[in-house]
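2 protein chains.
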Amino acid sequence: MVIVLVDVHVKPEDVPAFREATAENARNSVQEPGIARFDVVQRGDDPTRFLLYEVYRSEEAIAAHKATAHYAAWRDAVAPMMAQPRSMTKYVNVYPADADW
Amino acid sequence: MVIVLVDVHVKPEDVPAFREATAENARNSVQEPGIARFDVVQRGDDPTRFLLYEVYRSEEAIAAHKATAHYAAWRDAVAPMMAQPRSMTKYVNVYPADADW
Chain A
331 MVIVLVDVHV KPEDVPAFRE ATAENARNSV QEPGIARFDV VQRGDDPTRF
381 LLYEVYRSEE AIAAHKATAH YAAWRDAVAP MMAQPRSMTK YVNVYPADAD
431 W
Chain B
331 MVIVLVDVHV KPEDVPAFRE ATAENARNSV QEPGIARFDV VQRGDDPTRF
381 LLYEVYRSEE AIAAHKATAH YAAWRDAVAP MMAQPRSMTK YVNVYPADAD
431 W
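Going line by line, the protein sequences match chains A and B.
Counting the first sequence from 1 gives a position; my numbering is that position plus 330.
Counting the second sequence from 1 gives a position; my numbering is that position plus 330.
Hints should not be assumed to be uniformly reliable.
As the list claims (entries may be wrong) - If we take Cβ atoms under 7 angstroms as the criterion, some of the chain A residues that face chain B in the derived model are:
id, residue
1, Lys341
2, Ala351
3, Ala356
4, Asn358
5, Met418
6, Tyr421
Bear in mind the hints are in silico, worked out from the structure with no lab data behind them.
Even for Gly, the Cβ is constructed at its ideal location relative to N, Cα and C.
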């Protein structure tokens, strides 16, 4: 598994629109066969900060996700909402094991 | 839901022992009724850095977890393994909705 964490900081006025666009992208993304999870969470102490917790079954699944229409629509919709460039960190799973996602 | 992210930086020599102790804690924690997920992931570019992605059904579930024997055993086992104090950040869920964890 490849776990991708994306840290996002949006402009305060764009928080509702970002939530909506990102939930829609997540709903579509979890339909992809290479995606095990696509959680979207919002900081308790700062609602302008979000984390995307994306769990892929392979590196190829990341490339496949980037090629979807829903990813492109999300990327373009949220581009003007960023308060700063988003950052991405990759992880591998310790628990659960590959078979248990 | 209350999502707790714990960033952990361990001493290089303790990486295997930390993986083992933390996977064991996760296996026990997912049996708790108030815990929806307890993922443990390791940074791809720095194996001394871990993230715990803990999803609780309530604040009370966090307190219940802290009262378990497996939490206490984990806390004590990993205390000498820390390269720096671990940090914790709380989030709320945007996707999936409460009913879908």
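Each hint, compared with the structure:
no. : hint   : verdict
1   : Lys341 : violated, 17 angstroms
2   : Ala351 : violated, 11 angstroms
3   : Ala356 : holds, 4 angstroms
4   : Asn358 : violated, 11 angstroms
5   : Met418 : violated, 11 angstroms
6   : Tyr421 : holds, 4 angstroms
In the structure shown, a violation is registered for the earlier hints numbered 1, 2, 4 and 5, in ascending order.
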